[in-house]
Amino acid sequence: MTQATRIASLYLPTFAIERWAAERLRMGDPVAEEIPTALALDAAHGPVIHDLNRAARLAGVRRGAQVVDMRAICAALTTHPAQPGGDAAALSRLMLWARRWGPHSVVDGADGLLIDTTGVAHLFGGEAGMLADMQAGFARAGLTVRVALAPTPGAAWGLARFGGERAIATCAQDLHPLPVAALRLSRDTLVLLRRLGLRRIGDLAAIPRLPLMRRFARAAPWDNPLIRLDQATGGLAEPLNAPDPPPAYLAEARLAEPVMDPAPHLPALISDLAGQMADQGTGCRRLCLSVFRVDGDCRGVRVATAAPTRDPDHLLRLFQGRLEGLDPGFGFDLIRLSAEATEPLAQAQVSLAGGVDEGLHLSQLVDRLTARFGAGCVTRPAPRESHVPERAVHPGDPMVPPQMPAPNPDRPIRLFHPPEEVRVIYAVPDGPPAQFIWRRQTISTARQTGPERIAPEWWHDSPGTRLRDYYRIEDHAGRRLWIYREGLGGDGRGPPPRWFVHGVFD
Amino acid sequence: MNGIAAGCDLLAVGLTRPADVLTAMEEGLGCPALGGVVGEIWGAPAALDFTATRRLAMRAEAAGRPCWLIRRGAVPDASAARLRWRISTLPSNRNADDPGAPGDPVWRAELFRSRLGPPGDWLVRHDRTANRLEFRDAGPVAALLRAGAS
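So the protein sequences, as listed, match chains A and B. Start counting the first sequence at 1277; every next residue gets the next number (our numbering). Start counting the second sequence at 1383; every next residue gets the next number (our numbering).
So here's chain A without its partners, still in its complex pose:
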């Protein structure tokens, strides 16, 4: 089932001044809240107000105005230089931190975040509870935030800035009372819309589209009211392109000349990365080797390990035979090795005899086999509670030792998957098998025992599944087979029953 998309928009109206105040507090030089304070940014005609605190706002200072003009209004105004670069970096860190409310989040402008919270809200006690949790989380970090939840990023953006406190929209009609400024339009377009008499989104949605389309035919797509309206109502898709968090450990080799083969540089990169991880006491679970080609393309090889490791020799062996699949194009001049997933790994004590732990050897073997033959080929069969023979064993995690049951002599050593169908001569309706042809050999039963009836598992199987009657049979040459009849004649579940060979005993 696909769930309706739910996007949360977080608007941080005073992010710059709050970050600046928190930094001053951390430096041991706090600023009193009563002093009108503003951050100023240099512009063409002198500094302008970038952000301001509450005292300054109450004194009549406006954002975007010239600092000298505002000094005339409020003589006590103190200004400090703004740091837009630092703000942007802090906001992108905040974006990664905000992934506690959803797996995908992006920075939205200089003062907002968007989080895709589809299917997440129930973890926080509903949508209203989640929005309250967001506000509480940011308040603990000392940040004021306005939050809103809507089906599209555009609608959430508008609601967070122009809607009520913790607004939640479920359909396009919820946006109609908002002013047209909630559509992310430029100042010129807003003036034009006001002159046309379109003040609310509802006004814009109510009038025919054709004249509007003609009127704004030359507008840029991001400044076209119709396109913005469609994005807000969901008529035009606007996916979130969530960036990956940066890798914690990174080793790079910048080459003077493009090369075709990364293998000679790999040992140095791996030992560099292993050294970084050893300093921090971590080991990697997933490594990515990326090569940046001269034609602007980027290719990568990923290897994974079953247990955290930072053993350079082992990591190097995992890349053996994998680098041939890397398409170098016309060569590449930057090789980057990054640890994508890391886990804590303490220094291992080598025993006095010089031996190493058995589990380490096993995980290294699993890594080598997985790197060579693909993920999922190495398994550790583990028992499962089921009477149906093919479900009684499942391929488990290779690093988890299973609890093996005692062997059962009534079960074959080898099971066929899927069971092989045979045509059997038997006494209708429920006699034992007398003769059948299996793998082009005619097998006539010398001795048999059964039936052992195994009923379908109604909680797993589809309603029409038939029961199975299993026989252990042996022919004159001593071949021992496990054969079953699916269903009973006249059980009302379809055609006459079919027979299958399900396993051999030796």
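Derived by calculation from the structure, the hints in this document are not laboratory data. Since the model is a prediction, treat every value here as computed from it, not as a measurement. From the three backbone atoms N, C-alpha and C, an ideal C-beta is built for every residue, glycine too. Some hints could be false.
[Claimed, not checked] With beta-carbon atoms standing in for the labels, derived distance ranges:
id, chain 1, residue 1, chain 2, residue 2, range
1, B, N1513, A, G1597, 41 to 51 Å
2, B, M1440, A, P1522, 47 to 57 Å
3, A, L1592, B, G1396, 22 to 32 Å
[Stated by the list, open to error] Negatives, chain A to chain B, calculated, CB over 10 Å:
id, residue
4, P1357
5, G1635
6, R1644
7, V1654
Since the structure of chain A is already known, use the hints to place chain B on it.
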């Protein structure tokens, strides 16, 4: 998996190409965490030549770890295996409880080439109640079987 005794567990590697099976077996023989390696190859593929079996045998001896290669649907050809067995089924013993049912399974195990001792021929019975194998010299029975075959 039913043949595995309680307390033992195994690492399964599902592969389709014979060359991959041999590579995985060699990797497994080099790992001190494993107690032994069992491989199974159907038929007589080109990858399983004398050199491949010799590599396996020498690796197993160097590591001091048993290695079994099960071959089904194959004829005995050149192999460097130290012990070579041929296993065939025989009709099972009489079931004391039900004469119509199969009893303890019986096999004929023929050690037809051995570097470690004299070759031999055994009748192997699986004691289902005690879950153990019982070996009995099959000299006279084998002569009987040969006479019956000729």
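Hints and how they fare:
no.	hint	in the structure
1	B/N1513 - A/G1597: 41 to 51 Å	42 Å, holds
2	B/M1440 - A/P1522: 47 to 57 Å	48 Å, holds
3	A/L1592 - B/G1396: 22 to 32 Å	26 Å, holds
4	P1357	61 Å, holds
5	G1635	7 Å, violated
6	R1644	6 Å, violated
7	V1654	5 Å, violated
Consistency note: the structure conflicts with the earlier hints numbered 5, 6 and 7.
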